[in-house]
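*Asks:* Chain A is fixed; fit chain B onto it per the hints.
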Amino acid sequence: MNRVLVLFAHPCEESFSAALHKTVVDALTAKGWEVDDCDLNAEGFSPVLSAAERRAYHDVGPNTAPVQSYVDRVMAAQALVLVFPVWNYGFPAILKGFFDRVFLPGVSFRLVDGKVKPNLMNIGKLAAVTTYGGTRFKTFLAGDPPRRVVTRSIRYVCGAEKMRYLALHDMNRVTDAQRAAYLARVKAEMEAF
Amino acid sequence: MRALVIYCHPDPGSFNAAVRDLILEKLAGQGAEVRLHDLYGMGFSPVLTAPEWAGYLGCPGNVAPVAGPVDDVRWADTLIFIYPTWWYGLPAMLKGWLDRVLLPDVAFLMPDATHKNIRPGLHHIKRLGVFTTCGASRWLTFVVGAPGKRTLQRGVGFLLRPGKRSVFAAHYLMDSSTPTSRAAHLGKVAAKMDRLIGRPAPQQKEVRA
Chain A
1 MNRVLVLFAH PCEESFSAAL HKTVVDALTA KGWEVDDCDL NAEGFSPVLS
51 AAERRAYHDV GPNTAPVQSY VDRVMAAQAL VLVFPVWNYG FPAILKGFFD
101 RVFLPGVSFR LVDGKVKPNL MNIGKLAAVT TYGGTRFKTF LAGDPPRRVV
151 TRSIRYVCGA EKMRYLALHD MNRVTDAQRA AYLARVKAEM EAF
Chain B
1001 MRALVIYCHP DPGSFNAAVR DLILEKLAGQ GAEVRLHDLY GMGFSPVLTA
1051 PEWAGYLGCP GNVAPVAGPV DDVRWADTLI FIYPTWWYGL PAMLKGWLDR
1101 VLLPDVAFLM PDATHKNIRP GLHHIKRLGV FTTCGASRWL TFVVGAPGKR
1151 TLQRGVGFLL RPGKRSVFAA HYLMDSSTPT SRAAHLGKVA AKMDRLIGRP
1201 APQQKEVRA
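Respectively, the protein sequence lines represent chains A and B. Residue 1 is where the first sequence starts when you use the numbering used here, and the numbers rise one by one after that. Residue 1001 is where the second sequence starts when you use the numbering used here, and the numbers rise one by one after that.
To be clear, the hints were calculated from the coordinates, so they are not data collected in a lab.
BS3-like, lysine-lysine: derived pairs with alpha carbons at most 25 Å apart:
(1) A:K138 x B:K1164
(2) A:K162 x A:K125
(3) A:K31 x A:K187
(4) A:K162 x A:K31
(5) A:K22 x A:K125
(6) B:K1116 x A:K138
Pulled out of the complex, with its shape left as it was, chain B reads as follows:
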């Protein structure tokens, strides 16, 4: 198993760091190879620049500004996101990672003479884990429509292997969390991780077009 863990929180002492540590422990327990992107720690720049946008469709040169992260995405068979939900979505730092790294010819293939539609490019990734914390309640998040969850589980999820295994866990009402609620959530994260990586992953059903 080759797991790429995308971790995004500015504060090293945050609860998200505890979630990350637990997930890394679970991965180690399964003998997974792990690459960790600590976006704040590495000083990742989330702003897609004018030259990057101008060269966006120019494969393979478009990957040059983010060659390291792209290599990690191509290497991984498991993708895990750990982040706080801000404004019902991903922190800008994490959103910018999607904007800059999930490029044409990396994450998806643009329409061409023989293909009418955009096609997924991440069929080598067969497991997706999304772990977050929300200031809002579960009810309010539901009413707004859980945009951050949808961006990752559907928007990114569309690009991954059909039949992939996918898990999601959120601690809601984070600002009024207690040691008990946080411990309960870590238990939930551990169970979700067991579901994600504890059993053999589904076999590949089709080859990449």
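Bound conformation, chain A alone:
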């Protein structure tokens, strides 16, 4: 079974992110993936880690109870695709909160002698499909925080062998042709995923 979890984090269906999301889901489905399509805004996911969750954070086992259904979906996947806009050089809060609340000790990593060990070995492929308001240069100056989190820490806990980080920059000034070319690139990458 080739099951992929697609995490989508944009509130508006008319957005370019929504077009990317549709392209990703369609391309993966066409290639025979069983797609678990998780639209965080539509599902009303709450990204706020509560005080009770914080206190139970390291309590492996019971710590997953508040988000068990999401943990199950992550654990059942062989691939993870993140589709999101970059806002203020970071993930939208709703996606950041998914990592805060669902990527728990015992789920995404284990603490062995105080050191983090990867635990999401079920996920062999990882991709991010994103857009930036900032230019490529400005993003470089900022140090590109979302790229670092995805390609370093998220990739590390997955042990993913395949990693794709696809980005379109300078969204406020891109042309229709550039958007179309990016959609085509995303489609091709997902078909080859």
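*Replies:* Quick look at chain B alone, frame taken from chain A:
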């Protein structure tokens, strides 16, 4: 001095609360006016909604859902963030504060007919303090690239006055912290605060475009 303190931790008994109290004490010692956003305490909603996104570029109506916080950002000349680092970044609660409050015409000005680029909108803020705690070690945080620090010190920092004063302090390996390490960190926070607010701030070099 007008300081806006953004504090984000779910647990009132956390070490971050001690850091906050020390910072508030330092600000009071300098006679600063202080406005505090305790994001968990105020039940802030970090999710930018579909209507907010649809109206994102519609200035000045875009500030309506977050008028109070926006007023505080426009009032402040000093911005201080206190938060735990989770997944090498800001807690969703704090990230959502950036998403919803640092809007066009508040934090930055969008390109228009005469300006090709996005321009900073927070030149009235001349001091930035970032105070955090990390479960990871300093080395691991460095390897990952300290994304949370970069989001604030660079991403937000780009928007502030050129020549601003900026300080950062982190307590690493928080899960194996000791009373000694925590006390040492509070000493470091106090020293950083003295550097941030203890001396006169730089004069404004240019007016907002």
